[in-house]
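K.L.:
Sequence:
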Amino acid sequence: MPTIGRPTWPKPLRSAIIALLVALAAALIPRPASAEGVSALAVAHKSPFNCGKTFYANNWYPGHNPSGSLDWQDYGGDDINGETVRATASGTAYFYDAGSTSYGKWIEVRHSDGTRTRYAHLATMVRSAGGSMSVSQGTTIGTVGSTGGSNAPHLHYEQRTSTGTVDTSPTVDGVTVSLGEKKAISSTNACGSNPYTPEEVCGSGYAVIDSAGLTGGRTYLLYNSGNGDNCVVTLKTTNLGSPTSMSAFLEPQGESRTTDSGSYSYYAGPVKRNAPGQCVRWGGSIGSSSYTSPFEHCG
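When you line the sequence shown up against mature numbering (1 follows the signal peptide of the UniProt record, and there is no 0), it's residues -35 to -1, 1 to 264, in that order.
Among the hints, erroneous ones may be present.
[Said to hold, decoys possible] Straight-line C-alpha distance at most 20 Å; calculated SDA-like pairs for lysine to any residue:
| # | residue 1 | residue 2 |
| --- | --- | --- |
| 1 | K18 | K147 |
| 2 | K18 | N46 |
| 3 | K147 | H29 |
| 4 | K147 | W25 |
| 5 | K237 | D194 |
| 6 | K147 | K237 |
| 7 | K237 | S158 |
| 8 | K237 | S207 |
| 9 | K147 | S158 |
| 10 | K18 | I45 |
[To be verified] If you anchor each label on the Cβ, the simulated ranges turn out as follows:
| # | residue 1 | residue 2 | range |
| --- | --- | --- | --- |
| 11 | D44 | V131 | 21 to 31 Å |
| 12 | S226 | S143 | 50 to 60 Å |
| 13 | N204 | T257 | 17 to 27 Å |
| 14 | L144 | D78 | 20 to 30 Å |
| 15 | K147 | A63 | 20 to 30 Å |
Please keep in mind that the hints were generated in silico from the structure rather than gathered at the bench. Using N, Cα and C, we set each Cβ at its ideal position, and we do this for glycine too.
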């Protein structure tokens, strides 16, 4: 009677089967993300202020809510109230208003890797609550204030993971601020860009209430609550220092349009009109790229 044993496979076929089984096993074993993969997804954040501005970043511990958030405050006698707030990295900005509680006027920017940053207690925002806009690193999104649950002007700032967890040791402009630390950080945000801001061009008392992107720059609408004046200015981000065609205009509803156009090195405008309680149409151009708003901001 013949002996029953294992079937004998031809050697080449046996080797091929073994190689296939090894490949399948390797594919099923979870592998940790490589350091290279992690760094490729990481977003590098810059300070939320104009180039060269230095302020204290305070990571209070214990007692700060949420733990790990930064409070940006005055440094060396530089008053932070009313300072321009810029996006620390590119993404989509969403605008909110919690009224007299919590964050007050605040913005969340959602970045390409799923992480988020938050900016709270703002005096002004460039979009109304409920609005959104795409932003680049350095885009102006608001100004520092003391709205909501704040007892003095400062910027509350958070870096959050894609799951919403607050990073307790955020890094800004290459400086890591761990729990309990207070560090002076100088901004490199928007350095090498237009040296002018919309507020500087329009003058004291004006705050950005809206803006629109153009190829090579951005056009801004500002408002002075003290005198009811609107102001429009268009700022370049490319070809700085070289005169190129650009414009800014403002049109209160039912009235004529005022336009400033020409070949300018840095900005067009300011165009100012008094329009309390009126809707306005506004916009500007850089070269062939232009923006015209509907009649809006009827306050």
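K.L.:
Next, verify each hint and record whether it holds.
P.N.:
Right, here's what the structure says about each hint:
1. K18 x K147: 16 Å, holds
2. K18 x N46: 13 Å, holds
3. K147 x H29: Answer holds: K147 to H29 is near 13 Å, not above 20 Å.
4. K147 x W25: 8 Å, holds
5. K237 x D194: Cα-Cα ~6 Å, so holds.
6. K147 x K237: Outside the cut-off at roughly 42 Å; violated.
7. K237 x S158: Measuring from Cα to Cα gives roughly 25 Å; hence the hint is violated.
8. K237 x S207: 25 Å, violated
9. K147 x S158: 28 Å, violated
10. K18 x I45: Roughly 10 Å separates the two Cα atoms, so the pair holds.
11. D44 x V131: 21 to 31 Å: 28 Å, holds
12. S226 x S143: 50 to 60 Å: 51 Å Cβ-Cβ, so the 50 to 60 Å window holds.
13. N204 x T257: 17 to 27 Å: Once the Cβ atoms are compared, 22 Å apart, the range 17 to 27 Å for T257 and N204 holds.
14. L144 x D78: 20 to 30 Å: 23 Å, holds
15. K147 x A63: 20 to 30 Å: 26 Å, holds
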